[in-house]
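Given only the sequences and the hints, what does the whole structure look like? Please build it.
Protein chains in written order, with my numbering: chain A, 8 to 311; chain B, 8 to 311.
Bear in mind the hints are in silico, worked out from the structure with no lab data behind them.
Check the hints yourself; a few may be wrong.
As the list claims (entries may be wrong) - Under 7 angstroms between C-beta atoms, here's a sample of chain B residues computed to sit facing chain A:
| no. | residue |
| --- | --- |
| 1 | E45 |
| 2 | R47 |
| 3 | A120 |
| 4 | C154 |
| 5 | S164 |
| 6 | G165 |
| 7 | V170 |
| 8 | I175 |
| 9 | T184 |
Stated by the list, open to error - Just a few of them, taken from the derived set where beta-carbon distance is under 8 angstroms, the chain B residues facing chain A:
| no. | residue |
| --- | --- |
| 10 | V33 |
| 11 | Q36 |
| 12 | L37 |
| 13 | P41 |
| 14 | A104 |
| 15 | S108 |
| 16 | A124 |
| 17 | T125 |
| 18 | L134 |
| 19 | L136 |
| 20 | A142 |
| 21 | D143 |
| 22 | R153 |
| 23 | Q173 |
| 24 | L178 |
Said to hold, decoys possible - Estimated spans, in silico, between C-beta atoms of each pair:
| no. | chain 1 | residue 1 | chain 2 | residue 2 | range |
| --- | --- | --- | --- | --- | --- |
| 25 | B | D218 | A | P41 | 32 to 38 angstroms |
| 26 | B | K119 | A | E290 | 32 to 38 angstroms |
| 27 | B | L217 | A | S78 | 45 to 51 angstroms |
Bear in mind that the values here come from a model prediction, so they are computed numbers and not experimental data.
We put the CB at the ideal spot given by N, CA and C, even for glycine.
Number of protein chains: 2
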Amino acid sequence: MISDIWSDPRDFKTSLAESARAVEVVMDQLIPVPDGPEARVHEAMRYAILAGGKRLRPFLVLAGSALFGVSQRSALRVATAIELLHTYSLIHDDLPAMDNSDLRRGKPTCHKAFDDATAILAGDALLTLAFEVLADAETHGDPAVRCELVTALAKASGAVGMVGCQMIDILAESDPTLDIGEITRLQRLKTGALIAFSSEAGAILGKAPLDLRRVLVAYAHDIGLAFQIADDLLDTEGTAAETGKSVGRDAVAGKATFVSILGIEGARAQAEALVEQATNHLEVFADKAALLRDCARYIIERKS
Amino acid sequence: MISDIWSDPRDFKTSLAESARAVEVVMDQLIPVPDGPEARVHEAMRYAILAGGKRLRPFLVLAGSALFGVSQRSALRVATAIELLHTYSLIHDDLPAMDNSDLRRGKPTCHKAFDDATAILAGDALLTLAFEVLADAETHGDPAVRCELVTALAKASGAVGMVGCQMIDILAESDPTLDIGEITRLQRLKTGALIAFSSEAGAILGKAPLDLRRVLVAYAHDIGLAFQIADDLLDTEGTAAETGKSVGRDAVAGKATFVSILGIEGARAQAEALVEQATNHLEVFADKAALLRDCARYIIERKS
Numbered sequence: 008m009i010s011d012i013w014s015d016p017r018d019f020k021t022s023l024a025e026s027a028r029a030v031e032v033v034m035d036q037l038i039p040v041p042d043g044p045e046a047r048v049h050e051a052m053r054y055a056i057l058a059g060g061k062r063l064r065p066f067l068v069l070a071g072s073a074l075f076g077v078s079q080r081s082a083l084r085v086a087t088a089i090e091l092l093h094t095y096s097l098i099h100d101d102l103p104a105m106d107n108s109d110l111r112r113g114k115p116t117c118h119k120a121f122d123d124a125t126a127i128l129a130g131d132a133l134l135t136l137a138f139e140v141l142a143d144a145e146t147h148g149d150p151a152v153r154c155e156l157v158t159a160l161a162k163a164s165g166a167v168g169m170v171g172c173q174m175i176d177i178l179a180e181s182d183p184t185l186d187i188g189e190i191t192r193l194q195r196l197k198t199g200a201l202i203a204f205s206s207e208a209g210a211i212l213g214k215a216p217l218d219l220r221r222v223l224v225a226y227a228h229d230i231g232l233a234f235q236i237a238d239d240l241l242d243t244e245g246t247a248a249e250t251g252k253s254v255g256r257d258a259v260a261g262k263a264t265f266v267s268i269l270g271i272e273g274a275r276a277q278a279e280a281l282v283e284q285a286t287n288h289l290e291v292f293a294d295k296a297a298l299l300r301d302c303a304r305y306i307i308e309r310k311s
Numbered sequence: 008m009i010s011d012i013w014s015d016p017r018d019f020k021t022s023l024a025e026s027a028r029a030v031e032v033v034m035d036q037l038i039p040v041p042d043g044p045e046a047r048v049h050e051a052m053r054y055a056i057l058a059g060g061k062r063l064r065p066f067l068v069l070a071g072s073a074l075f076g077v078s079q080r081s082a083l084r085v086a087t088a089i090e091l092l093h094t095y096s097l098i099h100d101d102l103p104a105m106d107n108s109d110l111r112r113g114k115p116t117c118h119k120a121f122d123d124a125t126a127i128l129a130g131d132a133l134l135t136l137a138f139e140v141l142a143d144a145e146t147h148g149d150p151a152v153r154c155e156l157v158t159a160l161a162k163a164s165g166a167v168g169m170v171g172c173q174m175i176d177i178l179a180e181s182d183p184t185l186d187i188g189e190i191t192r193l194q195r196l197k198t199g200a201l202i203a204f205s206s207e208a209g210a211i212l213g214k215a216p217l218d219l220r221r222v223l224v225a226y227a228h229d230i231g232l233a234f235q236i237a238d239d240l241l242d243t244e245g246t247a248a249e250t251g252k253s254v255g256r257d258a259v260a261g262k263a264t265f266v267s268i269l270g271i272e273g274a275r276a277q278a279e280a281l282v283e284q285a286t287n288h289l290e291v292f293a294d295k296a297a298l299l300r301d302c303a304r305y306i307i308e309r310k311s
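Written out as structure tokens, the structure is:
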């Protein structure tokens, strides 16, 4: 299935859609259709993971894996683990105690469709499942590689990565005085940590040399920041119908964002510069990295 | 340090206290003293993990590891990972959306001392850190063993283990008609899954043969159930001062428990029978399992 996705590397949108479908098939298999009294937590997990979404992180894993001849099965399983983890973070971030969002991908958020307790547990279970998937022998024949994936994902998503930044993000809501350096550091860690892992995962799976891994991490840092700036622009300029989530929330919250600091034009220019820098990093891969280049551009041109 | 703990295997209480101290030292090293804007999540993690507690699960890991000549460092790291994971489950269970508990180990619960958002994030970060600790090369020289630990802990704590049972437990609050079979299954999974992993971890670390692993799992199932019955008895008969947490909550909630179904004497007799059965399982280890036998008895005689 993956070979089909990557057989025509010039067609980014088709590749993105097909990689999303492939990951959804694996997620569908991993979380059984609810049965028995614990059904509700499975139901909530399935609700959240099968609610659509761009599946950008899985795409990065698959595109990165293609550079190193990684097997389809390995790449798909890691792509799935990241999407499970990303979905957990969305469920918990949306909770009333956190961002209190009612709408996600055009549908009620998990705690709205179920309840807070179920949403907390569904998030916990998805986070746990992500590590279970990575550690499983099906993911890679070499257990040292699997351990490295677990370690890297844990670091990216834990207290010094994604979770730590969600903490800063919440505290920053009441502190509109953050400067551009602080905002950059915050967002680089928050969105960036998981995007960095997604971009690097193929290199870990393919046991790529350190210098090529560094190239992918540098690429990821730039697109991660560009992604966040694009999100801030969508929050300012997008509509709820387009983005599928509540918009204008940052301004209402008086929150410091790239847009509030740089202005709309400044933020757009900054995102453009980052995408150019990101694609420059990929020169060493020549044409083989065409999909990753397209992806960088897509990240700032998307409407949701 | 561990060798000291196990040098006099007849002294259970001293061993329990010393293993608790050893695990606390490792936890203290793992979670740095708060610094920088994400400090708050580290602060909440440290508040929760260093709040005391029996550290029963770490003790089981250390006692089980001693049966198979596992290195002190390996055993301590796995013991620590389990305590991190156990602590995350307490933080999330105590949240207003779940059990809504104000008191834990005689102190305000994490969300009371901080706030709900911080408590959710601290729990998420502890869960993530548990897997990071297991996957790290320091935990065991063989990455296949580390992957097996990650897999086993993920299964024990995920949607078909601990999290699934917390879901059933919440649903059961509004259903006092559960029968003894359903309650047993629920509690065996909820408390039992993590106790089973704690008891088996030493055998995984020591690459013990399957039949000895099964012995430890059988032992764990019995003490896990006995542990829950003892908890129900403490909730009925204990005082908040003794137990360090709110008591009498089950009766107020009209919740089906071992005590509500079997009566106080019936529940006590059942716990006694389980402890005897648990110690019988350990015959194959002869005197070497003395601490595990003492532990089984302690589980139903403790006052908190």
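The hints, checked one at a time:
no. : hint                                   : in the structure
1   : E45                                    : holds, 4 angstroms
2   : R47                                    : holds, 6 angstroms
3   : A120                                   : violated, 15 angstroms
4   : C154                                   : holds, 5 angstroms
5   : S164                                   : holds, 6 angstroms
6   : G165                                   : holds, 4 angstroms
7   : V170                                   : holds, 5 angstroms
8   : I175                                   : holds, 5 angstroms
9   : T184                                   : violated, 12 angstroms
10  : V33                                    : violated, 16 angstroms
11  : Q36                                    : violated, 14 angstroms
12  : L37                                    : violated, 10 angstroms
13  : P41                                    : violated, 10 angstroms
14  : A104                                   : holds, 4 angstroms
15  : S108                                   : violated, 13 angstroms
16  : A124                                   : holds, 5 angstroms
17  : T125                                   : holds, 7 angstroms
18  : L134                                   : holds, 6 angstroms
19  : L136                                   : holds, 6 angstroms
20  : A142                                   : holds, 4 angstroms
21  : D143                                   : holds, 6 angstroms
22  : R153                                   : holds, 5 angstroms
23  : Q173                                   : holds, 6 angstroms
24  : L178                                   : holds, 7 angstroms
25  : B/D218 with A/P41: 32 to 38 angstroms  : holds, 35 angstroms
26  : B/K119 with A/E290: 32 to 38 angstroms : violated, 54 angstroms
27  : B/L217 with A/S78: 45 to 51 angstroms  : violated, 30 angstroms
Comparing the model with each earlier hint shows violations of hints 3, 9, 10, 11, 12, 13, 15, 26 and 27; every other hint is respected.
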